[in-house]
Each structure stands twice: as C-alpha cells, then as structure tokens.
Amino acid sequence: MPEDIKSLSEQELKEAFAKMGEPAYRAQQVYKWLHMGVNSFDEMTNISKKLRQVLVEKYYISRAAIEKKLISDYDGTRKYLLSFHDGEMVESVLMKYHHGYTSCISTQVGCKMGCTFCATGKSGFSRNLTASEMLSQLQTEQQDANIRISNIVLMGMGEPLDNFENVIRFLKLVSSENGMNIGMRHISLSTCGIVPRIYELADMKLQLTLSVSLHAPNDQIRSRTMPVNRKYPVSELLKACRYYVQQTNRRISFEYAMIDGVNDSDACARELTVQLKGILSHVNLIPVNAVGGTGYQKSKKERMTRFISILEKAGITATVRRTLGSDINASCGQLRRSVRDGHEEGGG
1 MPEDIKSLSE QELKEAFAKM GEPAYRAQQV YKWLHMGVNS FDEMTNISKK
51 LRQVLVEKYY ISRAAIEKKL ISDYDGTRKY LLSFHDGEMV ESVLMKYHHG
101 YTSCISTQVG CKMGCTFCAT GKSGFSRNLT ASEMLSQLQT EQQDANIRIS
151 NIVLMGMGEP LDNFENVIRF LKLVSSENGM NIGMRHISLS TCGIVPRIYE
201 LADMKLQLTL SVSLHAPNDQ IRSRTMPVNR KYPVSELLKA CRYYVQQTNR
251 RISFEYAMID GVNDSDACAR ELTVQLKGIL SHVNLIPVNA VGGTGYQKSK
301 KERMTRFISI LEKAGITATV RRTLGSDINA SCGQLRRSVR DGHEEGGG
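Numbering of the sequence shown is given in the working numbering, commencing with residue 1 and proceeding in unit increments.
Heads up, some of the hints might be wrong.
As a list, the in silico EDC-like pairs of lysine to aspartate or glutamate whose alpha-carbon atoms are at most 16 Å apart [what the hints assert, rightly or not]:
hint, residue 1, residue 2
1, Lys32, Glu43
2, Lys277, Glu312
3, Lys58, Glu15
4, Lys50, Glu22
5, Lys298, Glu312
Pairwise CB distance ranges (calculated) [to be verified]:
hint, residue 1, residue 2, range
6, Lys172, Met1, 31 to 37 Å
7, Ser150, Gln220, 37 to 43 Å
8, Leu280, Asn39, 23 to 29 Å
9, Arg185, Val54, 36 to 42 Å
10, Ser235, Gln28, 46 to 52 Å
11, Tyr74, Tyr199, 20 to 26 Å
12, Lys300, Glu3, 51 to 57 Å
13, Lys49, Glu200, 41 to 47 Å
14, Tyr74, Gly295, 39 to 45 Å
15, Gly87, Lys32, 26 to 32 Å
16, Thr45, Asp73, 26 to 32 Å
17, Gly21, Glu200, 33 to 39 Å
18, Lys300, Gln220, 20 to 26 Å
Keep in mind that the hints were calculated from the coordinates and are not lab data. Positions of the beta carbon are idealized from the N, C-alpha and C atoms, including for glycine.
Take these sequences, add in the hints, and give me the full structure.
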C-alpha cells in the first residue's frame, strides 16, 4: 500500500530518502514541490525520471478535487465542496479581508459532537482527515483563486481536537519554512471544549489562537445545545482555558452563537461576565445560522447590542462577527448535506 507522502515532515522525508540512498537535498526538493501543491510526481521537473518512478511505487500524493463551488455576489467569498481519493467530501471557505485571504478548512468528514445548531453534525461522522488532506484544501483554494492564503481557521467541518495527532502534524507542516510557511499566530483553532486536549495544546505553546465554542454561560443551557458539555462542564472548560492563557500568554476567543430566546437574555450576559472574569479573552458573538430542523432563529439586532453593552460594562471586549458569503450559506456543513441529500443549495 503506497504511503501518504504529503503528511511526512521534511525530516521524515529526508530519513526515508536516506534509506533509498538519496541525498537530503533531494528530499528537500520533493518536500518543496509537495507544498507548492503538485498533484503528481511528473510535475517535479528537477527530479530524475528514475527517482520519480520509485516515488510513484512507494507513495501517493493526496489531493482535494473541487466537486462544487459557490461564489458570493456580495463579497467574493468562495465556498468549496471538495472530494478525496475515497469519495468522501468536506467543505472549505475562502474569504477576502483587508489583510489578505483567510481559509476556513475542515479537519474531519462530518463530526461526532452533535451540537444542535450545527449543520455538520446532522450528517454524522465518517472519518478523520489526514494532515495532507488539510493541506490539500488550502492548495486547491490557492490554485483555483490564483491567490496566496495568509491566515487559516480550523473551524470548518469536524472537531479539530478530536483529530488531535493529525491536526498537530498539519500545523507543523503548514508553518514549516519550506512548506507554506504560515506562522502559528496566523492560525486559529476552534474547539467545542475537549478539555484534556486543551491542556495538551497549552503545554505545546504553539502560539496559535484558540477559539472556544462556548455558546452558553451555564451547564443547563450548554448541555442542552452541546452534548460535549455533559462530559466537560463549563467550570472544567474554563479552568482549562485559564491554564491555556497562563501557558501561552495568548488571548482566547470565545465563540457565542446568539440564539433568539435561548442564550441571549440579559441574565445570560451577566452570568457570562462572571464566568469569564480574569480570563484574557474576547467574545465573538455570532448570529446563529438557520439550519433546517432546529427551529433556531438568530437574535434580534437590538438584543445583540444590549448583550454586548452588558459585557463591555464588565470590562469584557466583544464584537459581532462580520458575516461573509451570506448569500451562499458560507458556514460549513450545509453544502455537503444538500448534495448528499440530493437537493441543491442556492448561491452565486
């Protein structure tokens, strides 16, 4: 069975090449080609034909093929449905900001977490993505849009900390000097709160931005909307968050989906200020997406304004997330679900 060459680190590649009697610089050449996004060994023009043939026999190059693409008429946001070698599909989103291009990629095919307001979880879980499949999403977007990605958010389909080893491998690959060379401070990782992994991540001191999907100030509401809270309640999660800040000196972004009549009351806002007191943090309020079958509606604008004012009076910075690609439902999970269920989704 051929090995996944794009998931190997540069050092691992050098060690593999040494066993084949090839010099280290050859491994470095191949590594650079892989991270430029080539889809075959034949594209590696400075590698001998003989070595290319050996590589074909020993390895395969992971790629992400575009199955469907939607482009926003409003802001140019691109939403992709991408497929891998086994036919499994994930979504990724390419967004343009004043500081450059940001890609939101998936880390799993589907998700096990079952958050009630999320489209991804409704399709169930198929498998983890490899590090190379995460890289391939970025490479496909760059080639399709003819741009360079400068920022990454691991906030697409799946729970990154539930695919911990592959995600850490991806982070090291994408930030490597001979790879895409995207620094950790330009990467955000979003988690619903797998507490033991937050401690592990903190101890690695990678300097990325941790985004925690909190969405409620107490166990009663959070357990109803996020099953993970039954295993790792709010108090344990926030204890881990304090440890993360202590170890990394990095501010945590708390994601808070504003759901009309569920978690957007003045009482919820006041309770949230108590919970987050003393944590270096920022609260990112997100108008909840209309996902079929949930019955959830996003909070009214005046309610969000009131919620923010309560947080800010308590010294907690908060903003409402800017919505990009609203005309193409740019949040992840809905496009894959519509294609799998056999009906198309509107968009640009």
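Comparing the hints with the structure gives:
1. With a C-alpha separation of about 12 Å, the suggested pairing of Lys32 with Glu43 holds against the 16 Å cut-off.
2. The suggested pairing of Lys277 with Glu312 holds, with an alpha-carbon distance near 12 Å, which does not exceed 16 Å.
3. For a cut-off of 16 Å, the pair hint linking Lys58 to Glu15 stands: about 14 Å separates their Cα positions.
4. The hinted pair formed by Lys50 and Glu22 meets the criterion: a straight-line CA distance of about 12 Å does not exceed 16 Å.
5. At roughly 21 Å between alpha-carbon atoms, Lys298 and Glu312 are farther apart than 16 Å, so this suggested pair is violated.
6. Between Lys172 and Met1 the Cβ separation comes to about 24 Å, which falls outside the hinted range of 31 to 37 Å.
7. Ser150 and Gln220 have their C-beta atoms about 41 Å apart, which keeps the hinted 37 to 43 Å range intact.
8. Between Leu280 and Asn39 the beta carbon distance is about 43 Å. The supplied range of 23 to 29 Å is therefore violated.
9. Between Arg185 and Val54 the Cβ separation comes to about 39 Å, which falls inside the hinted range of 36 to 42 Å.
10. For the pair Ser235 and Gln28, the supplied restraint of 46 to 52 Å holds, since their beta-carbon distance comes to about 48 Å.
11. At roughly 41 Å, the beta-carbon separation of Tyr74 and Tyr199 lies outside the given 20 to 26 Å, and the hint is violated.
12. Roughly 54 Å separates the CB atoms of Lys300 and Glu3, a value that falls within the hinted 51 to 57 Å.
13. For Lys49 and Glu200, the Cβ-Cβ distance of about 44 Å falls inside the hinted range of 41 to 47 Å, so the restraint holds.
14. For Tyr74 and Gly295, the hinted distance range of 39 to 45 Å is not satisfied, since their beta carbons lie about 27 Å from each other.
15. Hint check: Gly87 to Lys32, Cβ distance near 30 Å, so the stated range 26 to 32 Å holds.
16. In this structure, Thr45 and Asp73 break the distance hint of 26 to 32 Å, their C-beta atoms being roughly 39 Å apart.
17. For the pair Gly21 and Glu200, the supplied restraint of 33 to 39 Å holds, since their beta-carbon distance comes to about 38 Å.
18. Separated by about 23 Å at the C-beta atoms, Lys300 and Gln220 satisfy the suggested range of 20 to 26 Å.
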